[in-house]
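Chains A and B are the protein sequences, given in the same order.
Just so we're aligned: 354 in this note's numbering is position 246 of the first sequence, and the numbers increase by one with no gaps anywhere.
Just so we're aligned: 374 in this note's numbering is position 10 of the second sequence, and the numbers increase by one with no gaps anywhere.
Calculated from the structure, these hints are not laboratory results.
It is possible that some hints are incorrect.
[Claimed, not checked] When the alpha-carbon atoms are kept at most 27 Å apart in a straight line, the in silico BS3-like pairs for lysine-lysine are as follows: (1) A:Lys383 with B:Lys744; (2) A:Lys295 with A:Lys265; (3) A:Lys380 with B:Lys744; (4) A:Lys140 with A:Lys380; (5) B:Lys628 with A:Lys499; (6) A:Lys350 with A:Lys425; (7) B:Lys472 with B:Lys385; (8) A:Lys223 with A:Lys161; (9) A:Lys306 with A:Lys350; (10) B:Lys401 with B:Lys385; (11) A:Lys499 with B:Lys698; (12) A:Lys306 with A:Lys265; (13) A:Lys254 with A:Lys295; (14) A:Lys425 with B:Lys698; (15) A:Lys306 with A:Lys256; (16) A:Lys110 with A:Lys156; (17) A:Lys298 with A:Lys350; (18) A:Lys425 with B:Lys628; (19) A:Lys265 with A:Lys225; (20) A:Lys350 with A:Lys295; (21) B:Lys385 with A:Lys425; (22) B:Lys472 with B:Lys595; (23) A:Lys389 with B:Lys744; (24) A:Lys225 with A:Lys350.
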Amino acid sequence: MKLQFSPEDEQFRAEIAGWLADNLVGEFAQLKFRGGPGDEHMFPEERKAWERKLAEGGWTCVGWPKEVGGRGLSIEQQVIFFEEYARAGAPGRMGHIGEGLAGPTLIAFGSEEQKSKYLPGILSGTEFWCQGYSEPSAGSDLANVKTKARFDEASGKWQINGQKVWTSLAHESEYCFVIARTDPESKAHKGLGFFLIKMDQPGVTVRPIEQITGTSEFNEVFFDDAECAAEDIVGQPGDGWKVAMGLLGFERGVSTLGQQMAFQNELNEVVKLAKDNGAAKDPLIRQRIADAHIGLKIMRYNSLRMLSGGSDGSLQKEALIYKLYWATWHRDLGELAVDILGPEADIMVNAPYELNRLQSLFLFTRSDTIYGGTNQIQRNIIAERGLGMPKELRPV
Amino acid sequence: MDFAFTEEQQMIRDTAAAFLKASSSSAAVRAAMVSDKGFDPALWQSICADMYWQALHIPEQYGGMGLGYVELVAVLEQMGRYLLCAPYMSSVAMATNALLVAGTDAQKALYLPQIIEGKIASLAFNSASRDWDACAVSVTYRRDGNDFILNGNYRYVLDGDNADVMVFAARDEGSVGENGISLFVCPTDLNGIERAALPTMDQTRRQATITVTNLRLDESTVMGDVGKADKHLNKILDLATIALAAEQAGGMQEVLDMSVEYSKSRSQFGRTIAGFQAIKHKAADMMLRGEVARSAVYYAACIADEALNDGPLANELSEAASIAKSHCSEAYFKNAGEALQIHGGVGFTWEYDVHLYFKRAKASEHFLGGSGYHRERVAKMLLD
Chain A
109 MKLQFSPEDE QFRAEIAGWL ADNLVGEFAQ LKFRGGPGDE HMFPEERKAW
159 ERKLAEGGWT CVGWPKEVGG RGLSIEQQVI FFEEYARAGA PGRMGHIGEG
209 LAGPTLIAFG SEEQKSKYLP GILSGTEFWC QGYSEPSAGS DLANVKTKAR
259 FDEASGKWQI NGQKVWTSLA HESEYCFVIA RTDPESKAHK GLGFFLIKMD
309 QPGVTVRPIE QITGTSEFNE VFFDDAECAA EDIVGQPGDG WKVAMGLLGF
359 ERGVSTLGQQ MAFQNELNEV VKLAKDNGAA KDPLIRQRIA DAHIGLKIMR
409 YNSLRMLSGG SDGSLQKEAL IYKLYWATWH RDLGELAVDI LGPEADIMVN
459 APYELNRLQS LFLFTRSDTI YGGTNQIQRN IIAERGLGMP KELRPV
Chain B
365 MDFAFTEEQQ MIRDTAAAFL KASSSSAAVR AAMVSDKGFD PALWQSICAD
415 MYWQALHIPE QYGGMGLGYV ELVAVLEQMG RYLLCAPYMS SVAMATNALL
465 VAGTDAQKAL YLPQIIEGKI ASLAFNSASR DWDACAVSVT YRRDGNDFIL
515 NGNYRYVLDG DNADVMVFAA RDEGSVGENG ISLFVCPTDL NGIERAALPT
565 MDQTRRQATI TVTNLRLDES TVMGDVGKAD KHLNKILDLA TIALAAEQAG
615 GMQEVLDMSV EYSKSRSQFG RTIAGFQAIK HKAADMMLRG EVARSAVYYA
665 ACIADEALND GPLANELSEA ASIAKSHCSE AYFKNAGEAL QIHGGVGFTW
715 EYDVHLYFKR AKASEHFLGG SGYHRERVAK MLLD
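Generate the whole structure from the sequences, applying the supplied hints.
Structural data, given as structure tokens:
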């Protein structure tokens with residue numbers, strides 16, 4: 109076991125930290141610590157400009173292979189990149205769905221034509237993506253997709269009908285990748301297709317969802333005879349589930365340390381508040397602050413284990429528990445933050461409903477234990493895949 | 365950066381697991397825990413002569429293997445998993461660490477080879493205090509010429525009744541807090557040392573009380589700086605705390621394995637109880653706590669190596685120890701409690717092994733400080 113990064117990696121750390129210090133200035137200075145979870149609706153145009161700036165420096169898609177235009181960084185250097193990005197307070201990435209999900213899916217499963225059509229826009233920070241998986245009837249039961257895709261022989265195009273929900277950044281995106289049912293008789297994960305759909309067309313309607321925070325980052329997306337070109341299905345009709353799930357097994361969590369750096373920023377604010385307002389003298393608050401600190405430290409050690417694990421990409425036990433662990437930790441931090449605020453937690457910054465960062469943290473972290481697999485679904489997955497316990501009964 | 369066991373470390377862990385699975389079986393544990401000494405002397409000799417575990421992290425110049433704390437932790441995890449009844453925590457994680465941290469060359473040359481040969485050693489410092497650092501010391505010493513005269517009563521001394529060699533912490537008469545602390549090492553057959561085993565609820569770990577009455581120790585027994593050994597004692601206790609957390613992580617794994625296996629074999633309402641979400645979700649939480657415990661323990665072990673070798677991260681020792689112990693203490697007890705619940709009625713019997721882990725978990729939680737104690741240590745670092 110070795111805790112330190114190599115001198116080359118530390119040199120790389122200095123390089124990215126230096127670039128961020130030089131460039132996160134001027135028009136971009138206002139974006140520091142903005143645009144993260146709970147704040148994703150803020151500064152969309154400015155953050156898109158920042159994406160282009162990143163691209164100019166070669167700092168988009170740092171983990172993609174060089175052959176497709178990425179920076180081809182090692183696992184260690186990707187970790188360092190995300191860590192330094194968060195440490196500098198650089199803004200929440202508008203391009204993260206394209207870079208982290210759409211792009212890697214196309215690199216793994218897409219045709220050459222699809223790669224040359226879509227990857228450049230992601231690399232250059234000029235085209236943005238959203239994810240069309242969840243539906244009103246497909247939440248935890250993600251495969252219960254009702255959206256239909258029918259190939260129209262007359263036009264030679266796919267026609268998409270249905271509704272997606274909880275679609276982050278849909279109103280800011282050029283494209284959406286959608287799983288839709290190509291075989292109307294099929295059920296569950298069979299008979300699905302994976303489609304690349306242009307958002308700017310008459311058949312696509314985006315409606316923001318007003319959240320518990322009073323703000324809107326998530327949307328509903330309605331498809332009414334929306335069109336998708338014949339060549340814009342990834343894989344074959346029926347392959348949709350395989351394509352959608354294909355990359356999950358290879359997720360090694362390179363961005364987790366960056367996420368934790370953002371958590372550290374939040375925890376620092378909580379600790380400072382407790383010292384300032386005297387809550388740090390309360391024995392129970394002290395225990396909870398220490399517990400939060402300990403939990404975040406262990407989260408980091410867990411990630412280091414995850415990142416050092418098997419090179420075959422197999423999902424290890426420490427990776428299996430990660431979502432349940434961080435989501436619960438983060439939700440607890442939100443509760444701790446408002447308990448330290450005490451009665452001030454109820455007082456808004458401004459009418460009608462402007463939240464400060466800690467109030468927003470408290471409310472927004474309730475989504476952490478729900479999206480991306482609820483805590484309950486995570487426990488099913490851990491028990492079934494990690495411990496070999498019987499699978500949930502499902503209709504055949 | 366590579367935060368995974370090397371192949372050699374994996375081999376050490378796997379060898380330990382295989383050896384202890386055979387030699388520290390349920391029957392072996394149950395026989396040892398009610399025996400006179402509380403452990404099986406033949407097994408202890410085998411651990412010493414065949415496995416070299418006492419020698420693991422002792423430098424080669426004293427006849428040891430010169431390995432690190434990560435290797436030690438890999439073995440301790442398996443000892444906790446199989447509830448090994450042996451004076452290992454006391455001899456290796458407490459007394460050996462004391463000698464490595466504070467011993468003179470002469471003391472190391474004298475005692476470390478004895479420990480490697482299977483002599484039992486321990487550390488006495490606490491006299492029924494809820495503190496687990498230098499502040500816990502209340503046995504006193506006074507100078508008499510070049511000698512030191514010790515008086516007082518120690519409690520919670522691991523294997524104190526069986527030890528051949530003792531490290532004693534004592535304070536200068538009239539001193540308080542972390543001031544005035546000195547450490548001494550001596551054989552246990554001196555006049556003025558009275559020892560008695562304390563019957564324990566967790567029968568797998570032996571504790572004793574030691575009364576010292578006008579115990580006269582000469583200058584050659586002094587470890588570290590006279591009156592200023594608090595920093596040594598605290599470092600020794602941090603190292604011991606990490607070792608104990610490793611045992612706890614191992615115990616957590618075993619109670620999870622037992623519970624999952626039992627739930628797959630137990631049928632109610634026409635199906636195995638392993639299929640019920642009420643059981644699956646308990647097991648999932650147990651696995652989460654266990655994996656997280658390992659991450660904390662392995663990190664702390666790396667820091668312990670840094671501390672023993674004055675590496676750049678050495679000053680993280682107290683924090684790393686408290687992080688590991690605060691998580692592992694509550695987590696092991698929660699897991700043991702859930703294991704008992706998943707086993708249902710049979711978990712309440714003497715016949716099934718769950719109660720052995722349940723009791724060990726609670727005793728280990730308290731020893732060297734529980735979760736609340738260690739969280740407050742961290743809170744002081746952050747807030748005061």
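Check your understanding: Tell me, which hint numbers fail for this structure?
Key -> 7, 16
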